[in-house]
Amino acid sequence: MKNNEYTSALKDKDMVLRAIKDSFIKLSPKIQAKNPVMLLVYISAILTSILFVAALFGIQDAPKGYILGIALILWFTVLFANFAEAIAEGRGKAQADSLRAAKQDVKAYKIPSIDKKEEITEISSAQLQKDDIVIVKAGEQIPADGEVIDGAASVDESAITGESAPVIRESGGDRSAVTGGTTVISDWIVMKVTSEKGESFLDKMIAMVEGASRKKTPNEIALEIFLVALSIIFILVTLALYGYSLFSANQQGVENPTSITSLIALLVCLAPTTIGALLSAIGIAGMSRLNSANVLAMSGRAIEAAGDVDILMLDKTGTITLGNRKADAFIPARGIDIKELADAAQLSSLADETPEGRSIVILAKEKFGLRGRNLEELNMEFVPFTAKTRMSGVNMDGVEIRKGAADTIKQYVEEQGGNFNTEIEEAVNKIANQGGTPLVVAKNDKVLGVIHLKDIIKKGVKEKFADLRKMGIKTIMITGDNPLTAAAIAAEAGVDDFLAEATPEGKLDMIRDFQKKGHLVAMTGDGTNDAPALAQADVAVAMNSGTQAAKEAGNMVDLDSSPTKLIDVVRIGKQLLMTRGSLTTFSIANDIAKYFAIIPALFIGLYPGLQALNIMGLHSANAAVFSAIIYNALVIVALIPLALKGVKYREVSSGKLLSRNLLVYGLGGIITPFIFIKIIDMVIVSLGLV
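For the sequence shown, the positions run 10 to 699 when our numbering is used.
Treat the hints with caution; some may be incorrect.
Unchecked claim - In silico lysine to aspartate or glutamate, EDC-like type, Cα no more than 16 Å apart, as pairs: (1) 119 - 140; (2) 146 - 128; (3) 206 - 140.
Hints listed in this document are in silico derivations from the structure and should not be mistaken for laboratory results.
Starting from the given sequences, assemble the full structure and let the hints guide the process.
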């Protein structure tokens, strides 16, 4: 979901009405007790309501209208805080409703084993147990989370990811996981159930987006303790002010002009109610932004950790490069015409349906006009690529053409009695040093030359890495390439470091080494071999298409299975921390400003000399308190869109960010109360409310 969709939630009539209803439900003492700062406002609203009832019976602490006004504004303050949390939860509840629609009991076709596909027992999906084996055919809904153990099929996962394009799920490899509630649209699969009842991916996702599983993060708890400490200090300050005003009034022989109602209102104004009211909404909105990016976080802590990450480990293929290598040039051997090399390379690739094979055909066509071949007339026999031979090619009229890895073709040519000269080896090494992949082409016992396959760096990746560097984040490319190739690609992509010939043990050791030095590490993975490193990383994004082991090891799951999503996760995490920090700065600055704005006006009756400090010229003590308490409530409403949307994400260092926050939100928090409290004072005086 884009940022502007959060503010559009405030324009959604049904969502707003639901949030208003939830705001009153949240007035329950049990719910209010979860937020200590707003609990203080809640208790203050109750106390002023009691004072108003007492005033009706003649026990007047202050004018009845004034007490009623303060009580109503305090209740509205609590309701506004509840509304901020409820509207943030609203988007999650809407997502949960749509997910529940996808989660339903369907027919499941259980079989004893892969070899006994005909022995089908039809049961309800609710009766399935972990490790049961189920066959799912085209048009049927996958009944539970599982892993494909036989077959391959196109699966519609739009109920989970929102993407209409089907994806392939097959046994073996890293795209074997399937999710209950998705639909097989072609072919068939045999799957093993991997989740217990009530613990499916959909169950967890519903719980997370609704906020039922959202626990306060360590940062939230620490900030809440700080806010509670500030509130306690202000309670002591208010009690001291009341005691001192009683003493001064007795000394002067006058009635104490400072009412309990005013002091309660003063306490609420001085307490950090703005951030206290919005703190929960900020956290929920951050998690909702992640969910809307089709990433499911298993905890709020993972999102915050993403915001603090300073090491980013990224796979080369699919993240930094497009994943499809492209033929870039033909390099002929000495004495070989380049067109002869291109012709042989194209012939060997006509039946090759891989992106690399198609790119070789296209390059020969574009550079030398080689096209329009009649395959039947040429009497060609294609030799497919296998992991064992590591080469492919074509046989025709006694001629054998092969293309493949340098060492494989070298062995093939030498077995034919030919020679693999040093010139070709130099060309192979040169291509590898440039970050490319060399494919050698041979005809019978003669090497014709080399094809340069180039990894295509994704557009804009280098700029993204530069932005991350500005934020103090180090990027590390992980690849199975040899060190020379890896170094060349790393230099072109602009990453800070790389891990070549990566193994599961190598990834794990690198993560542990960084963590020992005090760094927070994020990485992505989709295979069982990635599970140890994912389990060790501070932020681990597992691909939804990956194996069950990878998903269990990660603390986030990317429903789109996009390796580049890790960068978005870090951005959302940092935006969450930036929003919380900015609004905390604004809230505390507000409290300081309100202190100096209200105190002089409140005690002018006892100390006329304080008139000199009443720089805003507030009408009276009651007007000052009433204006401040109204401003205190309205500023919460004004900041709800920012809490939901998040402050604008900027790729700057933490030092620059702190300076900007102090300037914009700190200075703004000090100036704003003086302006608006004066405006409210003028309005309520002109209306005769005080």
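Note to self: Run through the hints listed earlier and report the numbers of any the structure violates, in increasing order.
What the structure shows: Per hint list: zero violations.
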